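First to last, the protein sequences are chains A and B.
Residue 229 in this note's numbering sits at position 205 of the first sequence, with consecutive numbering throughout.
Residue 96 in this note's numbering sits at position 91 of the second sequence, with consecutive numbering throughout.
What the hints contain is simulated information worked out from the structure, not anything from laboratory work.
Predicted, not measured: the structure shown is a model, and the values here were computed from it.
A couple of the hints might just be wrong.
Partner residues aside, some chain A positions facing chain B, computed with beta carbon under 8 Å [as the list claims (entries may be wrong)]: (1) THR79; (2) ARG98; (3) LYS99; (4) PRO105; (5) HIS107; (6) ASP108; (7) LEU110; (8) PRO111; (9) ARG125; (10) LEU129; (11) TYR152; (12) GLU183.
We put the CB at the ideal spot given by N, CA and C, even for glycine.
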Amino acid sequence: MPLLSAAAVTKRYPGVTALDSLTLSLEPGIIGLVGANGAGKSTFIRILLGLLAPTSGSVEVLGIDALKAPLEVRKLIGYLPEHDCLPIDVSAADFVTHMGRISGLPASAARERAAETLRHVGLHEERYRLIGSYSTGMKQRVKLAQALTHDPKLLLLDEPTNGLDPEGREEMLGLVERTGREFGIAIIITSHLLGEIERVCDYLVAIEQGKLQHAGALAKLTERTQVLRLELDDDATEFIGRLRSAGLDVQVVDGALLVALASDAAYDVIRDIAAELDTPIARMELDRHHVGDLFRTATEDRSPKTEVLV
Amino acid sequence: MTDSIATPGTAARAAGTIYDLGYQHYDGPRLGRWSVIRTLAAFSFRTAFGTGRGNKAQIIPYIVLLLVYLPAVIMVGMSSALGQPQLISYAQYLPAVTFFLALFTAAQAAEVIVTDRQYGVLSLYLSRALNVNDYIAAKLIAFTGALLVLTLGPQLVLFTGKILIATAPWDAFKSNYKDLWPIIGGTLLAACYMSFIGLALASFAARRAYAAAAVIAFFVFMPAVANIARVIITNEDNRRYTVLANPFIVITGFANWLFDVQANARVPNQFGARGTARTLARAALPGEYYLYVMIGTCVLALGLLILRYRRTEV
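Construct all of the structure, not just a fragment, from the sequences and the given hints.
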């Protein structure tokens, strides 16, 4: 049974087509859903949750018609919205217990599972504190815990790393990955950062202006090498020369060096050159290339007006 | 995974080993829709009294509780001291505490319904096995229940007091138990009236303060509207109906009708009760009209709530 199958799903608002004949079949796994704001991601998620009826087309989630039996589908789904969704004057333990009971768990089971999911997301010690006193990262974990507490078959995570610092992002992605791989819960995660999708997902769906842009296993999509962004304090000419003679592909964009990373050995090469030339490196980071970069060629072919996808 | 963690069933099942059970799937029972509604109603009921929400949230509910129960206790105490159970009047109680009920409604309807929208919790509710109408039902049950504590509770104190201070309590119960039906029915309708109005008005506000202001405005402006209408309307016969716009008069008229009190009966001058009695006597409307207005208001408020949540964006 497929995780999800959508057949010619179209959603029209007056003057706008939010989803345009979207046909899609997905198997369980960690699925990345990417697209710009207004691309139709949220509309699609709301249709999956049975909260919005499409103008035409049909959607099945785990073999259940999302339009005919929305309550049945929602029982199987855990949803982490993009926006704030937590009360401030309740403790995390109470709130997650409450959400478990709202999903039909008996009181004692809801309490146990709340404690368990909060421990899973790393909030065991702090769970009796009021949510209002939590940091953004902790709140994001509570949001994940409430989505997990009723043991769903499918998690819908809408931009779960929004508003988190790089460290928080890494931790959240680690949690997402562990939830998907070890617990066997299917996950659909939206993000506009390809780096994140790449890290945790094994399948990628791209939507643009309501149309399906791409759907495929992620390994194939991102076979292209990663790019390291380097900013130097000193003159870069000699540095570039040394990098190129070491066999690395280097481009200069806005004063920064973009180095193609064929393998991790490239880091060592860069380190050694920097040490030999005694050149301070002001900044070095993996270029978080946006999904748009991946599809830019395809996008330009289809609609020249669109400059950036995401 | 550290070395000290083992999975159950392995050779490491020795004393003192920490078992990492990992993630447990849940395959226990899942309760149906009605129990979900009950859960949300119970949670919201607690919210209405600030339970589990820190001390600050409990100030107003507890002050109102004190204000509505204290007169009942004093009444019972006085009639006990004087040995006169007949001093206890059910009809006057509801009108006497309507102002406090309005205060409670203004402050707490917002807590019950606005915060869900303000903090985005509503989208979590509606993405679970709960639809919009279930949500509205749960909120109405919760807040009507909270108001019942403030309306039915004190009247039960009166009833119990009246029985217990009688020389023969069992005989007193037998001759008085029929009072329970109007007490329960009347306070239930009054609780519905306040809570439906409160939740309907509050549901349109984006913040708690606006919701409180809207409910207070309703209870301040409606009597004013009634008075203005009375001045504008010259036809003496039509003029009588203007009192139906005033919620305080409606509740008093309803309570009088319920306990069969004549509108022009002598009443003590408390909380403007004498003025209200005069207004009621002057209007001389059949008592049922007040009942119809209350039921009609509830239906209207329910319609507003359904309309408000029909197109909820999640």
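Of all the hints numbered above, which does this structure not satisfy? Sort the numbers upward.
1, 11, 12
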